[in-house]
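**Student:** The chain contents come next:
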Amino acid sequence: MSAVTSPARPASSGMSARTLNRIVIYGLLALFAIFYLMPLFVMLVTSFKTMDEIQNGNMLSLPQSPTIEPWFKAWGQTCVGLTCAGIKGYFWNSIKMVVPAVLISTLLGALNGYVLTKWRFRGHTLVFAMMLFACFIPFQSVLLPMATILGSLGRFGATLQNATGFNFGLGNSTVNLVFVHVVYGLGFTTLFFRNYYEAFPTELVKAAQVDGASFFQIFRRIMLPNSMPIFVVTVIYQFTNIWNDFLFASAYAGTGDVMPMTVALNNVVNTSTGVVEYNVNMAAAMIAALPTLIVYVVAGRYFVRGLMAGAVKG
Amino acid sequence: MSTVAETQIKLTPEHDARPGATVRSRLQDLLPKIVLAPSFAATVVFVYGFILWTIYLSFTNSKTFPSYDITGARAYQRLWRWTFESDPPSSWYTSITNMGIFGFLYILICLALGLFLAILLDQKIRGEGVLRPIYLYPMALSFIVTGVAWKWFLDPGLGLEQTLHQWGWTSFHFDWIKNKDFVIYTVVIAGVWQASGFIMAMFLAGLRGIDGEIMKAAQIDGASTFQLYRRIVIPLLRPVFLSAFIVLAHLAIKSYDLVVALTSGGPGGSAWLPSNFMYEFTFKRNEMAVGSASAVIMLMTLTAIIVPYLYSELREKPR
Numbered sequence: 001m002s003a004v005t006s007p008a009r010p011a012s013s014g015m016s017a018r019t020l021n022r023i024v025i026y027g028l029l030a031l032f033a034i035f036y037l038m039p040l041f042v043m044l045v046t047s048f049k050t051m052d053e054i055q056n057g058n059m060l061s062l063p064q065s066p067t068i069e070p071w072f073k074a075w076g077q078t079c080v081g082l083t084c085a086g087i088k089g090y091f092w093n094s095i096k097m098v099v100p101a102v103l104i105s106t107l108l109g110a111l112n113g114y115v116l117t118k119w120r121f122r123g124h125t126l127v128f129a130m131m132l133f134a135c136f137i138p139f140q141s142v143l144l145p146m147a148t149i150l151g152s153l154g155r156f157g158a159t160l161q162n163a164t165g166f167n168f169g170l171g172n173s174t175v176n177l178v179f180v181h182v183v184y185g186l187g188f189t190t191l192f193f194r195n196y197y198e199a200f201p202t203e204l205v206k207a208a209q210v211d212g213a214s215f216f217q218i219f220r221r222i223m224l225p226n227s228m229p230i231f232v233v234t235v236i237y238q239f240t241n242i243w244n245d246f247l248f249a250s251a252y253a254g255t256g257d258v259m260p261m262t263v264a265l266n267n268v269v270n271t272s273t274g275v276v277e278y279n280v281n282m283a284a285a286m287i288a289a290l291p292t293l294i295v296y297v298v299a300g301r302y303f304v305r306g307l308m309a310g311a312v313k314g
Numbered sequence: 001m002s003t004v005a006e007t008q009i010k011l012t013p014e015h016d017a018r019p020g021a022t023v024r025s026r027l028q029d030l031l032p033k034i035v036l037a038p039s040f041a042a043t044v045v046f047v048y049g050f051i052l053w054t055i056y057l058s059f060t061n062s063k064t065f066p067s068y069d070i071t072g073a074r075a076y077q078r079l080w081r082w083t084f085e086s087d088p089p090s091s092w093y094t095s096i097t098n099m100g101i102f103g104f105l106y107i108l109i110c111l112a113l114g115l116f117l118a119i120l121l122d123q124k125i126r127g128e129g130v131l132r133p134i135y136l137y138p139m140a141l142s143f144i145v146t147g148v149a150w151k152w153f154l155d156p157g158l159g160l161e162q163t164l165h166q167w168g169w170t171s172f173h174f175d176w177i178k179n180k181d182f183v184i185y186t187v188v189i190a191g192v193w194q195a196s197g198f199i200m201a202m203f204l205a206g207l208r209g210i211d212g213e214i215m216k217a218a219q220i221d222g223a224s225t226f227q228l229y230r231r232i233v234i235p236l237l238r239p240v241f242l243s244a245f246i247v248l249a250h251l252a253i254k255s256y257d258l259v260v261a262l263t264s265g266g267p268g269g270s271a272w273l274p275s276n277f278m279y280e281f282t283f284k285r286n287e288m289a290v291g292s293a294s295a296v297i298m299l300m301t302l303t304a305i306i307v308p309y310l311y312s313e314l315r316e317k318p319r
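Just so you know, the sequences run in chain order B and G. Just so it is clear: in the first sequence, position 116 is 116 by full-length UniProt numbering, and no numbers are missing. Just so it is clear: in the second sequence, position 46 is 46 by full-length UniProt numbering, and no numbers are missing.
Please keep in mind that the hints were generated in silico from the structure rather than gathered at the bench. Hints may contain errors.
Under the rule of at most 35 Å between Cα atoms (straight-line distance), these lysine-lysine pairs were calculated in the DSBU-like manner [what the hints assert, rightly or not]:
no.: 1; chain 1: G; residue 1: 63; chain 2: G; residue 2: 178
no.: 2; chain 1: G; residue 1: 254; chain 2: B; residue 2: 73
no.: 3; chain 1: B; residue 1: 73; chain 2: G; residue 2: 284
no.: 4; chain 1: G; residue 1: 216; chain 2: G; residue 2: 63
no.: 5; chain 1: G; residue 1: 33; chain 2: B; residue 2: 88
no.: 6; chain 1: B; residue 1: 96; chain 2: G; residue 2: 33
no.: 7; chain 1: G; residue 1: 178; chain 2: B; residue 2: 73
no.: 8; chain 1: B; residue 1: 88; chain 2: G; residue 2: 216
no.: 9; chain 1: B; residue 1: 96; chain 2: G; residue 2: 254
no.: 10; chain 1: G; residue 1: 33; chain 2: B; residue 2: 206
Note that this is a predicted model, so its numbers are computed, not measured.
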């Protein structure tokens, strides 16, 4: 759509009114840009300030004598609850959780989307609708049964550990969270791939089938090489969602060494012993934000596309 | 709908001609379903099964641990009684009134601001490529992260109030985050900050999809810019309004970490939303049945919004 203000207007009185118009538009846009950037700006400058400067200075001023000390302290020394070893361990917890969860849910989503568009069977719409509805449920409605099941699996794992020496990952918080995120991420990943493959020419699949290609051969040789864009979207979407999750993390890994980053950060910030070190808190928050922020800066366009796909049927 | 499966059936006689191929080709026919089955089973068990389980628990008298003796709708009766207990407000009363205030303002402001920004950005703006990501990035961050900054910014002793005092405006007063009657509005501000950029992107995509010819025709007919948007553009954006509403409504009902990170629940739990109520009653106050009942009510509210939407989206459209 073209700009609305430009054509079909008498130029004489229009010129100054138009300039004014542009100034107002740019002014408003800049004002909102400040509104959106402000929290990130405050976090960033504060994380490089000394405590002295924070107590006596202005929240919005740039650091007078920038120091990287708060970042080191947040990473290696700050207290999370009672242990004071920084947030690095929790950062790795999140990485260990997010990588397998993203990979598994994305791959399953791709296979599901492939089946639901190219190998349709009676009732495929109902199956898809049921999986899609699962995206929208408030997770509170499954939180408690999942906690019960994970609890019994944990006890079963302990029994196995005693009997065989292995617990096969049962009762391990990271494994639990991977499982939970895969299960409740499937709806979205399936939605993304289903909508993408819907537009993929079925004739190609048919032709390959006549040539005798099997189900998996078609998937590997024809679908996968053409799925790069939607893989990027899905991986980014899942990565952001799982990294940022707080509800499941606090319900199933809410205490001790097993906490993911978000829960640990919330503990750092709400630890109220002694002087609150705002610079360290902000540095910790920045560290927690960096992975998704980097992903967003590098591939933000795809992130939007992913969010849109979740909202609008393609 | 014509699919590969039909072709498959036509091909089978050939396969049958060779002995022993029947089993293999039947397996090939079943393979797609076998591949889909684990995901579907997981959805049935861990979503729908668990929902039924939660509904079941809400009719028991579970406290700290689940109990499986049905004792009737006591939990719902209590919630119902609390619904009208406004003086002093019960935590359920606070939660649902907050949900009303938050949901209404959050959806309304996000829609208005999103549309406004999208229209501004659609005026052939230089630097659109810089502005768009700035408006959008909050959606990529966890609220646990940005809540740290917001909490600080809204704190009367440290943030905006203090800054403006330093700049000389000493009569400025802004302590909503510590005020039990106003704390929910700080949650609205932060929520709008997070989601409005994304709604902007949705509207912008919608605007870019409108046929330029229609606009030109209207301009030639002498429509003013305002009329053009009111009479032509906004009505054409109806599907985007619907999608944006669905996104916002489900985000609003699911909002949880927003309240935790920003207010830790607010003074005396005054910033709770039903999701916080559910979590606190289930895991902290040992009232599992009441927590489950509140989860069921949340789910039903969401279902009432989502199911008609999904139905209209997935209905077989004439092609």
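**Student:** Does each hint fit the structure? Answer for all of them.
**Tutor:** Hints, one by one, checked against the model:
1. 63/G x 178/G: holds, 32 Å
2. 254/G x 73/B: Status holds; Cα separation ~34 Å.
3. 73/B x 284/G: holds, 32 Å
4. 216/G x 63/G: violated, 66 Å
5. 33/G x 88/B: violated, 43 Å
6. 96/B x 33/G: At roughly 31 Å apart (the allowed maximum being 35 Å), residue 33/G and residue 96/B satisfy the hint.
7. 178/G x 73/B: holds, 30 Å
8. 88/B x 216/G: Status violated; Cα separation ~58 Å.
9. 96/B x 254/G: Cα-Cα ~26 Å, so holds.
10. 33/G x 206/B: holds, 18 Å
Hint compliance for this structure: hints 4, 5, 8 are broken, all remaining hints hold.
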